[in-house]
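These protein sequence lines map, in sequence, to chains R and U. Its first residue numbered 1, the first sequence is counted upward by one per residue in our numbering. Its first residue numbered 376, the second sequence is counted upward by one per residue in our numbering.
Derived from the structure by calculation, the hints contain no laboratory data. Fair warning: there could be bad hints in the mix.
[Said to hold, decoys possible] Here are the computed lysine-lysine pairs in the DSSO-like style, where the Cα-Cα straight-line distance is at most 30 Å: (1) U:Lys471 x U:Lys403; (2) U:Lys396 x U:Lys437; (3) U:Lys471 x U:Lys414; (4) U:Lys414 x U:Lys399; (5) U:Lys399 x U:Lys455; (6) U:Lys455 x U:Lys437; (7) R:Lys244 x R:Lys159; (8) R:Lys244 x R:Lys300; (9) R:Lys7 x U:Lys400; (10) U:Lys414 x U:Lys437; (11) R:Lys120 x R:Lys361; (12) U:Lys400 x U:Lys437; (13) R:Lys159 x R:Lys300; (14) R:Lys300 x U:Lys400; (15) R:Lys300 x U:Lys471; (16) R:Lys120 x R:Lys159; (17) U:Lys403 x U:Lys455; (18) R:Lys300 x U:Lys396; (19) R:Lys300 x U:Lys414; (20) U:Lys399 x R:Lys244; (21) U:Lys437 x R:Lys7; (22) U:Lys437 x U:Lys399; (23) U:Lys396 x U:Lys414; (24) R:Lys361 x R:Lys244; (25) U:Lys455 x U:Lys471; (26) U:Lys455 x U:Lys396; (27) U:Lys414 x R:Lys361; (28) U:Lys400 x R:Lys120; (29) U:Lys403 x R:Lys244; (30) U:Lys437 x R:Lys300; (31) R:Lys361 x R:Lys286; (32) R:Lys286 x R:Lys159.
Take a look at the letters that make up each chain.
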Amino acid sequence: MEDAVLKRTPLYSEHVALGGHMVDFAGWEMPLHYGSIIEEHMAVRERVGLFDVSHMGELLFRGDSAASGLDRLSTNSLAGREAGTCTYTHHLDGRGMIIDDTIATRISRDEFLTVPNASKTGEILDWVGSRAGCEVEDVSDSVCCLALQGPQAISVAEKVAPEAAGLGSFRGLFTGEGSGNFIERLGAGGMYISRTGYTGEDGFEFFVHSSRGAALWSRLMAEGGSHGISPVGLGARDSLRLEKCYLLSGTDFDGSQTTLETGYNWIIDWNHEFIGREALERQREKGAYPRLTSFLTDGKVIPRHGDAVRGDGARGNVTSGGYSPLLGRAVAMGYLDVPAEAGSRVTISVRGREIGAAVVKPPFVRARKKSGVDA
Amino acid sequence: MGITDHAQSELTDVVFVEFEKVGKKVAKGDVVASVESVKTVSEVYSPAAGEIAAVNSSVTEKPESINQDPYGSGWFVVIKPEGENEELLDAAGYRKIIGEE
């Protein structure tokens, strides 16, 4: 590890005051947990949890050509979306390999927001900066992002911003009156709220100016008190996303996997042109390529990144492994060189021991009925 | 013997524990248990030479007691030591050394 100074979000003091166990994550000093990863996980599944995700980047694409420029850098099409639409997408290189994933939000006709992963913000800025054909501004240092997630998130959100309750899934809006672009409105005290997240639960992400991050955190924690709100660290953020088979940047893709290999084919819009498209077309025609596969193990021994997987004629390695608090069992994802049927058996070598697991159709944990979401 | 409060905090939530067998002779530094937590897997070493006299099977059912009560119900094993072991510490002695009291 380099002896570099870790960056801190505007909420560092709040994390420490809450007993946050601080760790280095992609150069940021972030809370891994505040006591128990499993309890924080369950708080989000059953009630509501609050995450500081300010370590993630925020890039703004502006101008008449922002829509067409970002569209070309994105597997999903963005140009035809109306303002206030949030779209999950991948950025690919010319070989079709995933550089990063993000939710791209059309803030207005000529402004888009993307939220790169913390470890990828610089690389993405370099990649898109020279290719987008529009102004790209890195506003990561000026923006604080809090994620409020869980079945009771809506009850807490509407106390802070009544208009949030009317948001559909993957829709966003500004609070308050005002005009100007994203960063001007945040600078003037506004918030941008989107009904998005990384937990598979209903929830919201709040973007505010960094100077107002701590006040918003305190407000949400206070309003959430009667709902049993819990602060949630990166440990539960990982176990929550793994139960839903969401990809983790740098772990489930590291520069040598395509979108087809991840199985996220629904975010490829073949009706538009984008960098990496030709490579995906060739791979699709060829047909034989590794597939990200989900494994429900028989017990609690947790497969870790790199562990070997063997199935009936299939070979591969684990990319993500963890404990599912909801299932009470260890779960994992990894790439197999040939597709494996749901229900088929594999063994995973974990520290020299063979662990049995079943191939399952993702996600490990399915959504319960939600209220107020039109997705 | 067990693990310290600091150790359980570093491990994060324990989900699974495996013990060596009761009756096994161990040298100082031999593995007596392995602990699988949400974050990592760690081995627990014997602080003294001796024989494993008992293992805490209740933490197999309830591994969270290792996080909740590391100096009580979250104990790991009983080791019947051979010879003198003056350097061994109980929880109070450990706390004194690290300056908690």
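Would you check the hint for Lys437 of chain U and Lys7 of chain R, treating anything up to 30 Å between C-alpha atoms as holding? Distance ~38 Å between Lys437 of chain U and Lys7 of chain R Cα, so the pair is violated.
Do the alpha carbons of Lys120 of chain R and Lys361 of chain R lie within 30 Å of each other, as the hint requires? holds (29 Å)
Does the alpha-carbon distance linking Lys361 of chain R and Lys286 of chain R stay inside the 30 Å limit? holds (23 Å)
Between Lys399 of chain U and Lys455 of chain U, is the straight-line Cα distance small enough, at 30 Å or below? Within the cut-off at roughly 10 Å; holds.
Going straight from one Cα to the other, do Lys159 of chain R and Lys300 of chain R come out at no more than 30 Å? This hinted pair is violated, its Cα atoms lying about 40 Å apart.
When you check the alpha-carbon spacing of Lys455 of chain U and Lys437 of chain U, does it fall within 30 Å? The hint holds at about 25 Å.
Straight-line Cα separation of Lys414 of chain U and Lys361 of chain R no greater than 30 Å? holds (25 Å)
Is Lys471 of chain U close enough to Lys403 of chain U, meaning Cα to Cα at most 30 Å? OK: Lys471 of chain U and Lys403 of chain U at ~23 Å, within 30 Å.
If you draw a straight line from the CA of Lys396 of chain U to the CA of Lys414 of chain U, is it 30 Å or shorter? holds (25 Å)
30 Å limit on alpha-carbon distance, applied to hinted pair Lys396 of chain U and Lys437 of chain U: It holds: about 19 Å lies between the C-alpha atoms, which stays within 30 Å.
CA of Lys403 of chain U to CA of Lys455 of chain U, is that 30 Å or under? Judged against 30 Å, a Cα distance of about 12 Å means the pair holds.
Does Lys159 of chain R sit within 30 Å of Lys244 of chain R, going by the straight-line distance between their CA atoms? holds (28 Å)
In the structure shown, a violation is registered for the earlier hints numbered 9, 13, 15, 16, 20, 21, 28, 29, 32, in ascending order.
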